[in-house]
Amino acid sequence: MAAIPQAGTEVAISADHLVRKFGDFTAVNDVSFQVKKGEIFGFLGPNGSGKTTVIKMLTGLLPLSGGAAQVEGLDVRTHAEEVRERIGYMSQKFSLYDDLTVAENLTFYGRIYSLPPDRLKRRMAEIVELNGLGPYLDRLAAKLSGGWKQRLALGCAMLHQPKLLFLDEPTAGIDPVARRQLWDLLFELSGHGITFFVTTHYMDEAERCSHVAYIYYGKLIADGTPNSLRELPDVQPPGTIRVEITTPEVTRALRFARQIPGIRSATIFGQSIHALIEDHFDLHDLREQLLKEGISVAEIRPLAPSLEDVFVELTYKHQTLLEGSRA
Amino acid sequence: MRDIFRGFGAVFYKETLHVRRDAGTLFFSLTMPLLQMFLLGFGIDTNIRRIPTVVYNADGRRESRELIDRLKNSDTFYIMRYVQNDRDMNDLIVAGKARVGIKVPVEYSDRLLHKMDAQVLVLIDGSDSSVAGQAINVSNAIGLDESLRRALPDREFRAVEMRPKMLFNPDSRSPNFFLPGLTAIMLLNVTTFLTAFSIVREKERGTLEQLFVTPVRPFGLLLGKLLPYLGVGFFELCLILTCMRFLFQVPIHGSVLLLAFLSLPYLFAALSLGILISSKAASQAEAMQLAFLPILPSVFFSGYIFPRETMPAIFRPISYLIPATYFINITRGVILRGATIRHLWTDGLALFAIGTFLLIVAARRFQNKVISA
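Note that the protein sequences, when read in sequence, are chains A and B.
Under this note's numbering, the residues of the first sequence are numbered 81 to 407, in order.
Under this note's numbering, the residues of the second sequence are numbered 2 to 374, in order.
These aren't lab readings, by the way, just hints derived from the structure by calculation.
Since this is a predicted model, take the numbers as computed values, not measurements.
All residues carry an ideal CB built from backbone N, CA and C; glycine is no exception.
Careful, some of the hints might be misleading.
As the list claims (entries may be wrong) - Have a look at the derived ranges for each label pair, beta carbon to beta carbon:
(1) Thr347(A) - Met289(B): 48 to 54 Å
(2) Arg260(A) - Leu322(B): 57 to 63 Å
(3) Gln241(A) - Leu27(B): 45 to 51 Å
(4) Pro126(A) - Met289(B): 48 to 54 Å
(5) Glu161(A) - Tyr321(B): 51 to 57 Å
(6) Val257(B) - Arg199(A): 28 to 34 Å
(7) Glu161(A) - Ile315(B): 42 to 48 Å
(8) Gly226(A) - Tyr321(B): 42 to 48 Å
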C-alpha cells in the first residue's frame, strides 16, 4: 500500500497506518489510503465498522493511537486548528438549529469562520443560488423536509469555501429524488475542484464515486476505482464466471445451488441469485439440475460483478480469514 | 491558537436567537421564581406567636388567674382550651392540637400567700425546636418577672433590664429576612438550568459535535452561551427586586446599583456551574437531575435558612465553596444593612474566583471529554 505520505499538490488526504484503540478494542486497525484532489472518495462499510471513527480522526476530533494523517498537506496531530479552517463537515444528523431560520443558520456558520460581512453576504447568495434555498430563507429549519435540511447542512458546511468536504452518510433517511439531486450537486461541485470524502451504505452511490474504499471491522479490505475492484482476483478468480439466476423460488434455489459442486458462492439479490461458477460449468446443465428439483428458472445469464458483489465476496473472504486465524 | 475566544460572536448571536425563539421556556423560567416568592413571602412567618396552649388550672384563685392572664398577654401563647384534669391536657398535646400545657397546682395561691416557693408545670412539645425554644424563653421570663414582683413589692430596688434593639429589621418582618436570601436561590435555579439545558440540547442534536469540527474554541463557545443567559438572569433579578420592594415592602437600605453590579459575578458563577453540569450530562433528563444537586446545599449551607454560625465546624468550610453563601451576604448586606462596596468587595471577588474556576474546569472538560466521546 502507499505508505509514503505525499505532501504534494495532488493529495487531499493521506492516511498512513491509522490506528485507533478504545481500551482493548481496536476500532481502526492499520488503515492507509490516499484521496486525490477533486475526487469523490466513497468510504464504505457496515455499521460500526469504523467509518465515523476515521472521519473523526481526520478532522482532529479524535487523537490517533498510531499512524499519521495529513489533510490538505497538514498533519492533523499538530495542526488540527488549521485543518478545521480548511475543511467542511456534515454529520449524519444534518446538525442544524431547528429553531433558527435557513438564513440564520447560514449566518451563524459564516460568523464561526469569521467571514467579513460583505464576503458572508456574497457567499450566502452563491450558496442559496447553488442549493436552490432561495424560497426558504425565512423558514425555520425544523419546518424543512429531509432533502432541504440536507441541502442547508451542506450549504453551512461549505460557506467558507473549503476545498475538502467530509460528508458522513449524507443521504441517510432522505427520499430517492432528494438523494439523486444531492449527487448531481456533488458532481457539479466536484467539477469545481472540491474534494469529497463521503460515507454511505448505498451501493448505487458507491458506484458513482471516483474512488471507493471498504472498511470491515476496522480493517481496510478494498481500495480502488469501482472498475479496478470488479477485476480483483478475489472477486473474479480466474476460471470463473458470474451468473444471475432469475427464479420465483429464490430461497429454495439458493439452498440447492449451494450444494452443487462447481458453484463457488451464491447470494440472493431480490428475485434472483448471483452465483460465482466455474467456467467449465454448462449453464443448460445448471437449469436442468434446478428443474429436476422442481425449481422453475426464468433466466440464467452472465453478469458483471456489481460493487455489492465485490463487497460481499471480500467480506466473505475476510471473515473466513478471521475465523481461520482464530481456529 | 491565535484567539482563545474564537467563535464567541457567532455563538452569542445564535444563542440570543434561541432565547428569543423559545418564549415558553423563557416565560416559565422567569415566572417560576416569582411564584416561589409569593408563596414564601406571604406564606412564611418565622416569628413564633400564638402557640396553641392548654391550661389546667387546679387552683383557680386570683393569683393563679393573674399568672394565666400574664401568659395570655405575652402574645406568645394562645389559650385554646381549659381542662380539668391531667389526662385531657396530655391528650391534647399528644394529638398535636396544643403545643404547650400549663398546669397550675392546687396549692399555688396558698404557698404564695404563705411566702413559700410555688411551682408551675409547663409541658412543651419538643417536636418543633424553634417553637419549644420560644415557649421556654417566654415562660421563664414571665416566671422571673413574677418572682421579682413578689420579692420586691415596694420596688425601691431596680432590677437590671436588658434593652435589646433590633438593627436593620426592627419589626422582625419575615419577608425582610427571607426574600433577600431567596433572591440568591432563585437566581441560581434559573440560570443553572437554562445554561445546562442549552448545551445538553446541542449534544442531543449533534450540533455540538458539528461545532467542534469548526474553528470555534471552547472559551468562545462557552462564553457565547453564557452571556445571553447572564442577561436573562439579570432581568430576573430586576423583576425580583421590584416585587420585593413594592409588593412585599422590603426597604432597600443600600444602593441598588451596587447590588446589580455584585450580582454579575454571582450570575457568572451560577452559569459556569450550569456549563459544568452540561459537560457531565448526556441528556436533558440527566441535566435536570444534576441541576438539582447544587440547590439543596445552597439552601442549607449558605445561611439562607439555618445560620452558618450553628453549623458543625467540619461543615463550615463547605459553606465557603457555595456561591449562594456570598451572594446572600451581599443581598442581605445591601438590602437590610445598607452595606457598601467597602463591606462587600471580598464577597464579589470570591464569586468571581469561583466562577472563573468553574468555567476553566468546564472548558477543559469540553476540550478533552466531549471531543473523544
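Quick rundown of the hints versus the structure:
{"no.": "1", "hint": "Thr347(A) - Met289(B): 48 to 54 Å", "in the structure": "49 Å, holds"}
{"no.": "2", "hint": "Arg260(A) - Leu322(B): 57 to 63 Å", "in the structure": "60 Å, holds"}
{"no.": "3", "hint": "Gln241(A) - Leu27(B): 45 to 51 Å", "in the structure": "37 Å, violated"}
{"no.": "4", "hint": "Pro126(A) - Met289(B): 48 to 54 Å", "in the structure": "36 Å, violated"}
{"no.": "5", "hint": "Glu161(A) - Tyr321(B): 51 to 57 Å", "in the structure": "39 Å, violated"}
{"no.": "6", "hint": "Val257(B) - Arg199(A): 28 to 34 Å", "in the structure": "45 Å, violated"}
{"no.": "7", "hint": "Glu161(A) - Ile315(B): 42 to 48 Å", "in the structure": "47 Å, holds"}
{"no.": "8", "hint": "Gly226(A) - Tyr321(B): 42 to 48 Å", "in the structure": "53 Å, violated"}
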